[in-house]
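A.B. asks: The chain contents come next:
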Amino acid sequence: MTMQQIYLAIPLLPLFAAIIIGLFGKFLPRAAAHVVTIAGVGISFVLSAYVLNHAMTAAPYNETVYSWLKSGNFSFEIGFLIDRLSAMMMVVVTFVSLMVHIYTIGYMAEDKGYARFFSYISLFTFSMLMLVMSNNFMQLFFGWEAVGLVSYLLIGFWYTRPTAIYANLKAFLVNRVGDFGFLLGIGLVLYHFGSLDYAAVFSVAPQMADTNINLIGNASWSLMTVTCILLFIGAMGKSAQVPLHVWLPDSMEGPTPISALIHAATMVTAGIFMVARMSPLFELSSTALSFVLVIGSITALFMGFLGIIQNDIKRVVAYSTLSQLGYMTVALGVSAYSVAIFHLMTHAFFKALLFLGAGAVIMGMHHDQDIRNMGNLKKYMPVTWITSLIGSLALIGTPFLSGFYSKDSIIEAAKFSTIAGSGFAYFAVLTGVFVTAFYSFRMYFLVFHGKEKWREAHHEDHAHDDDHHHDAHHHGLSPTDNPHEPGWVVKLPLILLAIPSLLIGYLAIEPMLYGDFFKGVIFVDSEQHPAMQELAHHWHTIFHSAAGMAIHGLLTLPFALAASGVALAWFFYMKRPDIPALIQKRFATIHCILEDKYGFDRFNDRVFAAGSRLIGSKLWLIGDVKVIDGALVNGTANLIGKLSRVVRKLQSGMIYHYAFAMIIGVFFMLSFYTLKF
Amino acid sequence: MVDFFTQHILSFAIWLPILAGILVLLTANDAKPNQTRWLALLGSLASFAVTVPLYTLFNFADGGFQFQEGFQWIASFNINYHLGADGIAVPLILLTSFTTVIVVIAAWEVIEKRVAQYMASFLIMSGLMIGVFSALDAILYYVFWEAMLIPMFLVIGIWGGPNRVYATVKFFLYTLLGSLLMLVAFIYLFHQTGSFEIVDYYRLPMPLHVQVLIFLAFFAAFAVKIPMWPVHTWLPDAHVEAPTGGSVVLAAIALKLGGYSFLRFAMPIAPDAAHHLSGFMIALSLIAIVYIALVALVQKDMKKLIAYSSISHMGFVTLGFFIFNNLGLEGAIVQMVSHGFISAAMFLAVGVLYDRVHSRQIDAYGGVANTMPVFAAFAVLFAMANSGLPGTSGFVGEFMVILGAIQVNFWYAFLASFTLIFGAAYTLWMVKRVFYGEVANQHVAELKDLNQREFLILAILALLVLGLGVYPQPLTDMTNATVTQLLSHLAQSKLPAGL
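Those sequence lines, one after another, are chains A and B.
So the first sequence is numbered by this note's numbering: it starts at 3 and just counts up by one.
So the second sequence is numbered by this note's numbering: it starts at 30 and just counts up by one.
Among the hints, a few may not be true.
[Claimed, not checked] Footprint (simulated), chain A over chain B, 3 or more residues, beta carbon under 8 Å:
#1 320 to 327
#2 343 to 356
#3 443 to 453
[Stated by the list, open to error] Simulated pairs of lysine-lysine, DSSO-like, Cα-Cα distance not exceeding 30 Å:
#4 K599(A) to K461(B)
#5 K199(B) to K142(B)
#6 K477(B) to K114(A)
#7 K28(A) to K461(B)
#8 K620(A) to K461(B)
#9 K628(A) to K329(B)
It should be emphasised that the hints constitute simulated quantities derived from the structure, not laboratory data.
Note that the structure is a prediction, hence the values are computed from the model and not measured.
Heads up, the beta-carbon is just placed ideally off N, CA and C, and yes, glycines get one too.
Could you put together the complete structure from these sequences and hints?
C.D. replies: See the structure below:
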């Protein structure tokens, strides 16, 4: 096999598997669904690992697969750019996807949409691979929208549930708002650079740094700033940054495996990947970077707060994901692109682990998702317990674990940054550490330790905000039942994800951040944006190694914050469970604001959704029906009708009417001629 | 024999379906409707087959008229039977002959009364519309243009819904007014050139005010047909009353007659006026894209919603025309072809539901995916195509036009891009209410999934929608030379020297 064939095979295998199972799944035995798709994505993973290994030594591969369209001087192509960034993403995507495929065998075992589900997740894998392997903006947009489509299909997988079909429509539309900006950004790139090919665009970008364009009147705007902000609006949609984050918590209506794959590990990080890919453009506009930084900081901090008050196990993890995406965006904003990608990778492992762990808990609890009904699950579900603990520790940044290396690097980078907004960003990510530790261990303690609350719980009050769905998936455990750990197809992915959650940071930090892993891929203008350079300096003078960084990390502020977050969570939820209720009463206003999720949903529903419908119905009923049809079209018809009635009256058949008309006519004609001549 | 055919492909393309239609009428036998159906299917397939060489024999490097043929028709007025097709006409001719096959299959057992007349109307209409796309003589064009209305009136008037008389009259009045002004323009141009040859008009210099009047006369005819805001209100009414086949032909082809004619007449004959009025045309297009999309959002009738969606999508066609660049113009043509597939599929999908439940109201449904999963999969695919999802044909044209528009003015692209949001909103909201959720009522519970005939036509359209989305280059290869030639023609002023 040549490398080119391998590159082609990697995305096409999952696609073929998806097509086979999607079209013919119902004619095949049930097991065929997972056998075929796992074979597809499994081979893809092995090939991706091979490609990553190959990319460590080989020069980047950048070739066209086929020409999609030619128009005038422009040509649009489908092609691959395989460098270390895309190779790494391919490995992450196919690995997590493989884990999720295996896990799904257990999780969806009793679902009647078994084959459909496998077909969708394989289709997703294909789309995501096309996105990360693209060598041009158009194919990026293809993958971008295609993952959005699969996300739509999967959030609405249980299409009879009103909440699920509300959530998937919302997710698609909010993403479309982001894509609105993204498409305009792509349009500006094509117009000003004459091409959508990455290599071509990036090579001329430095010459365009000072180009200005006029958008409103004669006010001139920096082309780079406008373009980068528009592209980033796309990233805000896909990577759920405030204020386009509203779809992600609702997306938890989808089955848990896809929450792990799509809404934690891969799709939502597409925006982060995109900005890192575009580093040669973003580096040219400090204004755009500041914008990125502020949006990321707001997301990192304020979405973390919301994690504290959630009672649905999946929603806690979802808000945690939002907050971590904010961290990655902060890293992008301070030009630490490699750190953002590094955190993307570690987060993919430990967040997929946490979601799959949450899914195992949900299965154990017979589809009760309310953490207030759980407790002491460590006794019944040891594998889930240990792996979830590893995931939580990695998430809060415990030294030596993967999340520590990536998150601490982000915090350090924010500290060293000099760009506008970096002060706020540093404050946000530091505070976020405490918040993250608190909500993560609140959930951890409530689920795995303490009293077995389902034994006394009343199942009327499920965490589910919605009472509509009473189908088979929401039973809950009866007080006399014991939860059971699911089988090996569920435990194996948990264990396989726990390993990189423990180790990958330790192993990868040096080559990825301080070696030349991303050399020639990610571009940083160190004079303007020195944070990364400072970080490297720090590494070489103080830390020297990953172990050194971890030991040093034990003495720093972030670690103290994380530890106190865990301690506080223990105190509140293990030691004195009455305190949270007291606080909730005492600070009712704050609690209300958090419950309301800062009012974004209400605002969007009332202003954008209702507003569009109102304008639409006014335009229809007044514009179309009344003015155009009523006054103009039917008006014309009526006018003709009236005229003809008048004319009809003239034809009365009475001779004196005609005579009278004739006399009048003669009179007017005579007057006309006499006056004129 | 082969030579005779290759020299007269366009005549075959026009007259074969018309003759087939007449044959269907002559052999009609109410006792044996199946015989009529098979005959109509054979006729439509043969008519499609004769148009295929237009693609295989097409010279992609030539931007001018190919497959030309002709003879003198009325010598005293210098009227000729002159046919020819360029890279803009050929895709639309193929679309027409293809759609006719689909319509015949779609009507198979759905139409029970006057089968022969129904089938014949569509076959004859197909020939006449191909005539419009291939006529190079103004009078010949005009005859085809007006003649195709007659079968369309019959289709709506006979097989239409309860309010069909109002719809037909409205449709008739709208189009008649526009057509008469177009005829006046032709007569003026004949006086100036002594010819009805369209290419002679391309070379005729005219002062700007004359060009503007000529342009507006054509505008009256074509804007109604496409339709552009604010002369669009006939379309939702016509669609609602038309039978499924009528809606399919109306949306897939009849609207394109207007778009095509802008490129054939209004713009090249009066290029200075086209430039002069481009701001006005772009404004109307953008209003169509945004305003109509919002109107579509609140429709309760599925056919009306799709009709408004069509108008909004046609806004991209006219926007693409009047930004005068390759991306815009070719994008507009791709959009016309793609809309032919997607709107046909959407109207057929509504027809599938209507045949079973006899309602087009969105709130008469809910949870259809439970009882018709295969159909729901098709519906979601076509809905996504209608919302311009990449990988489907619906994306290609919109993408090209938006990228073309941004080169002229950022804000044109900005407004046009609202379709990303609103297009998805009205389409997917309808999908949500019709297909998702619990089974809403007894009618939905009793639904049966697609039969083989319905599956076949939707599958063919799905393949085309995906094919054109994944690999649109064969289509743009076809239009490229013609569009480049047209743009260079449009760039040359036709104002008389010294003015």
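A.B. asks: Would you say the stretch 443 to 453 of chain B counts as covered by chain A, given the rule of at least 3 residues with C-beta under 8 Å?
C.D. replies: holds (count 7)
A.B. asks: When you check the alpha-carbon spacing of K477(B) and K114(A), does it fall within 30 Å?
C.D. replies: Given that 30 Å is the threshold and the Cα spacing comes to 19 Å, the pair holds.
A.B. asks: Is the hinted pair K28(A) and K461(B) satisfied, with a Cα-Cα distance of at most 30 Å?
C.D. replies: Measuring from Cα to Cα gives roughly 24 Å; hence the hint holds.
A.B. asks: Mind checking the alpha carbons of K599(A) and K461(B) for me, to see if they're no more than 30 Å apart?
C.D. replies: With a Cα-Cα distance of about 25 Å, the restraint between K599(A) and K461(B) holds, given a limit of 30 Å.
A.B. asks: Can you confirm whether chain A covers the stretch 343 to 356 of chain B, using C-beta to C-beta distances below 8 Å and requiring at least three such residues?
C.D. replies: It holds: at least three residues are needed, and the stretch 343 to 356 of chain B offers 3 whose Cβ sits within less than 8 Å of chain A.
A.B. asks: Are at least 3 residues of the stretch 320 to 327 of chain B within less than 8 Å of chain A when you compare beta carbons?
C.D. replies: holds (count 6)
A.B. asks: Is K199(B) close enough to K142(B), meaning Cα to Cα at most 30 Å?
C.D. replies: holds, 25 Å
A.B. asks: Is K628(A) close enough to K329(B), meaning Cα to Cα at most 30 Å?
C.D. replies: Judged against 30 Å, a Cα distance of about 18 Å means the pair holds.
A.B. asks: Quickly compare the C-alpha distance for K620(A) and K461(B) to 30 Å and report which way the hint goes.
C.D. replies: holds, 23 Å
Hint violations for this structure: none, all hints satisfied.
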